[in-house]
Amino acid sequence: MNLTIDVTNKEHKSVVSLSGEIDAFTAPKLKEELLPLTKEEGKTVEVDLNNVNYMDSTGLGVFISALKSTKEHDSELKLVHMQERVHRLFKITGLTEIMNIDSTVQGGI
Amino acid sequence: MEPFDFVEVKVPAKPEYVGVVRLSTSGIANRMGFSYEDIEDLKVAISEAITNAVKHAYKETDEGEITIGFGVYSDRLEIMVADHGGSFDLSNVKKDIGPYQQNDAIEDLREGGFGLFLIDALMDKVEISSRYGVIVLMTKYLSENEVGQDGDQISTTQ
Numbered sequence: 001m002n003l004t005i006d007v008t009n010k011e012h013k014s015v016v017s018l019s020g021e022i023d024a025f026t027a028p029k030l031k032e033e034l035l036p037l038t039k040e041e042g043k044t045v046e047v048d049l050n051n052v053n054y055m056d057s058t059g060l061g062v063f064i065s066a067l068k069s070t071k072e073h074d075s076e077l078k079l080v081h082m083q084e085r086v087h088r089l090f091k092i093t094g095l096t097e098i099m100n101i102d103s104t105v106q107g108g109i
Numbered sequence: 001m002e003p004f005d006f007v008e009v010k011v012p013a014k015p016e017y018v019g020v021v022r023l024s025t026s027g028i029a030n031r032m033g034f035s036y037e038d039i040e041d042l043k044v045a046i047s048e049a050i051t052n053a054v055k056h057a058y059k060e061t062d063e064g065e066i067t068i069g070f071g072v073y074s075d076r077l078e079i080m081v082a083d084h085g086g087s088f089d090l091s092n093v094k095k096d097i098g099p100y101q102q103n104d105a106i107e108d109l110r111e112g113g114f115g116l117f118l119i120d121a122l123m124d125k126v127e128i129s130s131r132y133g134v135i136v137l138m139t140k141y142l143s144e145n146e147v148g149q150d151g152d153q154i155s156t157t158q
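Just so you know, the sequences run in chain order A and B. Quick note: the first sequence uses the UniProt record's numbering, first residue 1, plus one each step. Quick note: the second sequence uses the UniProt record's numbering, first residue 1, plus one each step.
Because the hints were derived from the structure by calculation, they are not lab data. Check before you lean on any hint, since a few could be wrong.
Claimed, not checked - Pairs of lysine to aspartate or glutamate, EDC-like flavour, derived with a Cα cap of 20 Å:
1. A:Lys-91 - B:Asp-120
2. A:Lys-68 - A:Glu-41
3. A:Lys-31 - B:Glu-16
4. B:Lys-55 - A:Glu-32
5. A:Lys-91 - B:Glu-16
6. A:Lys-91 - A:Glu-72
7. A:Lys-68 - A:Glu-40
8. B:Lys-125 - B:Glu-40
9. A:Lys-91 - B:Glu-37
10. A:Lys-68 - A:Asp-48
11. A:Lys-91 - A:Asp-74
12. A:Lys-10 - A:Glu-97
13. B:Lys-55 - B:Glu-16
14. A:Lys-71 - A:Glu-84
15. A:Lys-29 - B:Glu-16
16. A:Lys-10 - A:Asp-74
17. A:Lys-29 - A:Asp-74
18. A:Lys-78 - A:Glu-33
19. A:Lys-13 - A:Glu-41
20. A:Lys-91 - B:Glu-40
21. A:Lys-13 - A:Asp-102
Work out the full structure: start from the sequences and follow the hints.
In structure tokens, the structure reads:
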């Protein structure tokens with residue numbers, strides 16, 4: 001019931017690899033790590049969700065604020081390798097319309 | 001009155017206990033024979049309810065408890081989440097929920113407020129009372145092709 005956050009910085013891109021669960025307990029930590037990355041102009045922030053097996057609305061909230069921040073600072077947010085269960089929440093809430101989500105959903109058999 | 005088992009869990013109103021209740025819920029639902037998909041839905045719904053209770057009811061102080069009651073029936077699971085702390089303005093919360101609409105501006109997107117909407121989307125029945133603290137009562141039915149609580153077979157739902 002924890003979340004591991006690994007950030008790899010390249011010149012114009014940061015890859016944020018997440019592993020674990022995103023909920024009310026872990027979301028604040030994620031927000032703290034993710035938001036500063038979106039404040040660099042021209043940067044692409046790629047969030048790898050391959051190993052996130054649980055997420056709820058607290059996670060949606062973090063990604064919404066990150067998306068807002070990319071609009072303000074002219075950077076880009078990409079969510080990749082999303083598990084089917086997590087993707088479902090984005091679909092239900094209509095957020096698939098505005099988020100850049102890699103369509104190759106993993107974890108679905 | 002129809003027979004049911006009742007399980008009660010009490011946790012401190014702190015975010016670190018959301019996962020604990022999620023695991024308990026998953027255990028009970030698994031025992032009842034809910035499908036994998038339904039268990040995942042239940043896990044999100046219960047976490048949203050606890051998160052709300054943690055956030056709204058105990059703004060002022062770190063102390064307080066949340067009581068979760070599970071009513072285990074042969075055809076359904078009823079979950080009650082109660083905080084006995086201060087209550088929040090229910091009508092205010094209700095008007096804030098709903099899915100994102102395509103014509104909404106990104107700037108107007110709510111960073112919170114999806115919680116109750118998700119509970120409603122993922123459960124079969126949801127009732128909220130704010131008379132004494134806030135009580136959320138939510139129900140999920142076992143679908144027919146899932147194994148009932150006395151079943152000793154393997155679920156056929158994949």
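- [ ] Report the numbers of all earlier hints that the structure fails to satisfy, in ascending order.
- [x] 5, 6, 11, 12, 14 and 17
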